[in-house]
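Let the sequences and hints guide you as you build the complete structure.
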Amino acid sequence: MDEQLGTIKVKLRNISKSFYSRKEVFEAVDNISIDVYENEFLVLLGPGQCGKTVLLNMISGLESPTEGTVQFTDNNATDVGFVFQKTAVFPWKTVMENVELPLELKKEDKTERRKRAQYLIDLVGLNGFENSLPKQLSGGMKQRVGIARAYANNPQVLLMDEPFGALDAQTRYQMEEEVLRIWEQEKRTVIFVTNNIEEAVYLADRVIVLSSCPAKVKEIYNIKLQRPRDYVNQDFLRLREAIEKNTDLAL
Amino acid sequence: MGNQDEKTTSKVANSILIETAARKRERKQLLIISLVCIFLFFGIWEIAVRLNWIDGKYLCAPSAVIKTFMTKLSDPKPDGAVLGIHIITSLKLVLIGYIAAIIIGVPLGLLMGYYHTFDKLVSPIFEIIRPIPPIAWIPLSIIWLGVGTAAKCFIIFLAAFVPCVINSYTGVKLTPPVLVNVAKTCGATRWEIFSTVCVHYAMPLTFTGIQVSLGNAWSTLVASELVSATAGLGYMIQQGRSLVRPDIILVGMLTIGILGAIFTTLLSKLENKVVKWRAKS
Chain A
1 MDEQLGTIKV
11 KLRNISKSFY
21 SRKEVFEAVD
31 NISIDVYENE
41 FLVLLGPGQC
51 GKTVLLNMIS
61 GLESPTEGTV
71 QFTDNNATDV
81 GFVFQKTAVF
91 PWKTVMENVE
101 LPLELKKEDK
111 TERRKRAQYL
121 IDLVGLNGFE
131 NSLPKQLSGG
141 MKQRVGIARA
151 YANNPQVLLM
161 DEPFGALDAQ
171 TRYQMEEEVL
181 RIWEQEKRTV
191 IFVTNNIEEA
201 VYLADRVIVL
211 SSCPAKVKEI
221 YNIKLQRPRD
231 YVNQDFLRLR
241 EAIEKNTDLA
251 L
Chain B
252 MGNQDEKTTS
262 KVANSILIET
272 AARKRERKQL
282 LIISLVCIFL
292 FFGIWEIAVR
302 LNWIDGKYLC
312 APSAVIKTFM
322 TKLSDPKPDG
332 AVLGIHIITS
342 LKLVLIGYIA
352 AIIIGVPLGL
362 LMGYYHTFDK
372 LVSPIFEIIR
382 PIPPIAWIPL
392 SIIWLGVGTA
402 AKCFIIFLAA
412 FVPCVINSYT
422 GVKLTPPVLV
432 NVAKTCGATR
442 WEIFSTVCVH
452 YAMPLTFTGI
462 QVSLGNAWST
472 LVASELVSAT
482 AGLGYMIQQG
492 RSLVRPDIIL
502 VGMLTIGILG
512 AIFTTLLSKL
522 ENKVVKWRAK
532 S
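If you're matching them up, the sequences are chains A and B in order. Counting from 1, one number per residue, gives the positions in the first sequence under the numbering used here. Counting from 252, one number per residue, gives the positions in the second sequence under the numbering used here.
These aren't lab readings, by the way, just hints derived from the structure by calculation. Fair warning: there could be bad hints in the mix.
[To be verified] Some, not all, of what chain A presents toward chain B, calculated at C-beta under 8 Å:
(1) Ser-60
(2) Thr-66
(3) Phe-82
(4) Phe-84
(5) Phe-90
(6) Trp-92
(7) Pro-102
(8) Leu-105
(9) Lys-106
(10) Leu-133
(11) Leu-137
(12) Gly-140
[Unchecked claim] A short list of chain A residues far from chain B (calculated; beta carbon distances all over 10 Å):
(13) Asp-35
(14) Thr-171
(15) Lys-187
[What the hints assert, rightly or not] Straight-line alpha carbon distances no greater than 30 Å define the calculated DSS-like cross-link-like pairs of lysine-lysine that follow:
(16) A:Lys-216 to B:Lys-435
(17) B:Lys-275 to B:Lys-424
(18) A:Lys-115 to B:Lys-524
Computed from a prediction, not measured in an experiment: that's the story for all the values here. All residues carry an ideal CB built from backbone N, CA and C; glycine is no exception.
Encoded structure:
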């Protein structure tokens with residue numbers, strides 16, 4: 001059934017991660033092996049506190065696995081773009097400066113990086129807010145800045161860690177649509193973490209359901225519903241229910 | 252329809268007008284209360300001295316303070332220098348000690364907050380020095396540096412140094428890990444994380460430290476001028492005591508108060524400029 005999934009972009013092999021404190025060992029991730037395909041929208045779905053963030057951190061290189069390997073098939077391009085859970089914009093930088101940061105750190109030419117940043121700001125729909133400070137922006141707009149900045153890295157893989165968790169329901173629906181629009185326009189491999197089943201089914205090409213602590217792969221769903229998807233479509237609801245029954249409850 | 256729209260617009264404009272007027276009135280009332288309070292305070296003080304409720308050698312009337320202030324602008328008697336000389340002498344001491352404290356203290360605190368090894372290296376000594384009151388350093392600083400400007404600046408420096416270090420240190424320590432992670436995933440080096448993330452994040456708290464330092468610097472000034480001074484606001488106050496001239500003492504105190512207030516205002520202005528990104532809570 002995997003015939004049309006394309007080339008493999010990232011290989012996770014037998015990844016485990018444990019945290020040691022003086023008294024106990026906390027197992028966050030247990031023996032996960034996943035292939036991530038080029039330009040697919042992969043959603044990791046799991047109950048709260050089950051090691052999804054840890055998994056993303058290991059893919060991005062922020063943390064290293066206790067066991068196993070993360071391998072990018074294109075060795076030269078291990079750059080990732082990371083959209084974080086909490087709004088992680090620099091409050092002292094304007095929208096433009098926030099988006100420019102990755103390019104600035106790469107010592108890119110000033111006019112070049114301004115051009116690229118402007119393109120991304122337009123892409124995420126923040127045209128006109130280039131010189132605004134984060135305190136003047138709403139939660140959804142801040143997350144847009146985060147997405148634009150992640151793209152500025154020119155990443156091979158885009159990692160999104162519950163980016164809309166802190167938004168109100170209305171904005172959340174809107175942002176889900178937006179993230180798909182942006183993804184269609186600037187195709188990237190996306191690994192998106194969420195604990196929201198509806199969100200997972202709405203966004204994903206594939207949903208990987210993770211178990212409760214420690215995180216293991218429980219089931220993989222290929223979502224073949226046509227885009228744009230409809231939240232109240234029969235097939236959508238059926239799939240959503242099937243996944244719901246298969247998901248561990250978070251305490 | 253158009254008429255309806257016009258009506259609502261004018262209604263909105265009207266309510267805004269009423270709102271601003273109400274706010275203006277409230278501000279005026281608050282200002283009046285403050286002014287009345289000041290006048291009452293000085294009025295009672297003036298009357299109390301004039302009617303001899305208080306002996307003149309303990310306290311003089313506000314009007315006498317203002318008179319002395321005016322004469323001190325040009326008259327070096329009885330304490331040996333005009334007010335301007337006192338101010339310049341003290342300002343020099345305070346500024347040298349204070350600026351040195353900022354230049355050394357703030358970077359030290361920032362680095363201690365970021366580099367763990369550096370922190371462990373410096374903080375044991377710092378923690379021992381920290382609780383020693385700056386005035387306790389006076390005898391040693393006289394032995395080391397003599398009775399001149401250097402010793403006084405050194406004492407003021409010590410007083411202003413501690414809050415600069417502690418606040419910038421805490422500011423860096425409080426940097427949210429997620430911001431550090433953003434920089435890391437953007438490929439920042441350790442130094443870049445420090446300079447582009449932590450230093451900026453620490454600025455509001457650092458400024459609070461610099462403000463506290465300013466207060467410390469001024470309050471240590473008077474004590475430091477106990478060390479064989481020939482001019483200065485602290486010296487002037489001392490002279491006022493020996494000559495039993497409460498008006499001179501009060502002029503000295505008042506001048507320190509005014510100078511302190513001016514500095515605080517200037518600093519706040521600078522702070523608002525540097526950390527204008529901070530969200531008002």
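A quick look at each hint next to the structure:
1. The interface hint given for A:Ser-60 holds, since its Cβ lies 5 Å from the closest Cβ of chain B, which is under the 8 Å cut-off.
2. This hint is violated: A:Thr-66 has a C-beta 20 Å from the nearest C-beta of chain B, more than the 8 Å allowed.
3. At its closest, the beta carbon of A:Phe-82 sits 4 Å from a beta carbon of chain B; the interface hint therefore holds under the 8 Å criterion.
4. A least Cβ separation of about 5 Å between A:Phe-84 and chain B falls short of the 8 Å threshold, and the interface hint therefore holds.
5. For A:Phe-90, the suggested interface contact is upheld, since its CB lies about 7 Å from the closest CB of chain B, less than 8 Å.
6. The criterion of a C-beta within 8 Å of any C-beta in chain B is met by A:Trp-92, whose closest approach is roughly 4 Å, and the hint holds.
7. For A:Pro-102, the shortest C-beta to C-beta distance to chain B is roughly 4 Å, which falls under 8 Å, so the interface hint holds.
8. Residue-level restraint check for A:Leu-105 holds (minimum Cβ-Cβ distance to chain B is 5 Å; threshold 8 Å).
9. Hint on A:Lys-106 holds. Least Cβ distance to chain B is approximately 7 Å, under the 8 Å limit.
10. Here the hint on A:Leu-133 is kept, as its CB sits about 5 Å from the closest CB of chain B, short of 8 Å.
11. A least Cβ separation of about 11 Å between A:Leu-137 and chain B goes past the 8 Å threshold, and the interface hint is therefore violated.
12. Interface restraint check: A:Gly-140 against chain B, minimum CB-CB distance 17 Å, threshold 8 Å, status violated.
13. A:Asp-35, annotated as away from the interface, keeps every beta carbon of chain B farther than 10 Å; the closest lies near 22 Å.
14. With a least beta-carbon separation of about 19 Å from chain B, A:Thr-171 lies farther than 10 Å from that chain, consistent with its non-interface assignment.
15. At roughly 20 Å, the least C-beta separation between A:Lys-187 and chain B is larger than 10 Å, which holds for a residue marked as non-interface.
16. Between A:Lys-216 and B:Lys-435 the CA atoms are separated by roughly 27 Å; this keeps the pair inside 30 Å, and the hint holds.
17. A distance of roughly 43 Å separates the Cα atoms of B:Lys-275 and B:Lys-424; the hinted pair therefore is violated under the 30 Å criterion.
18. For a cut-off of 30 Å, the pair hint linking A:Lys-115 to B:Lys-524 stands: about 28 Å separates their Cα positions.
Violated hints for the displayed structure, listed by number in ascending order: 2, 11, 12, 17.
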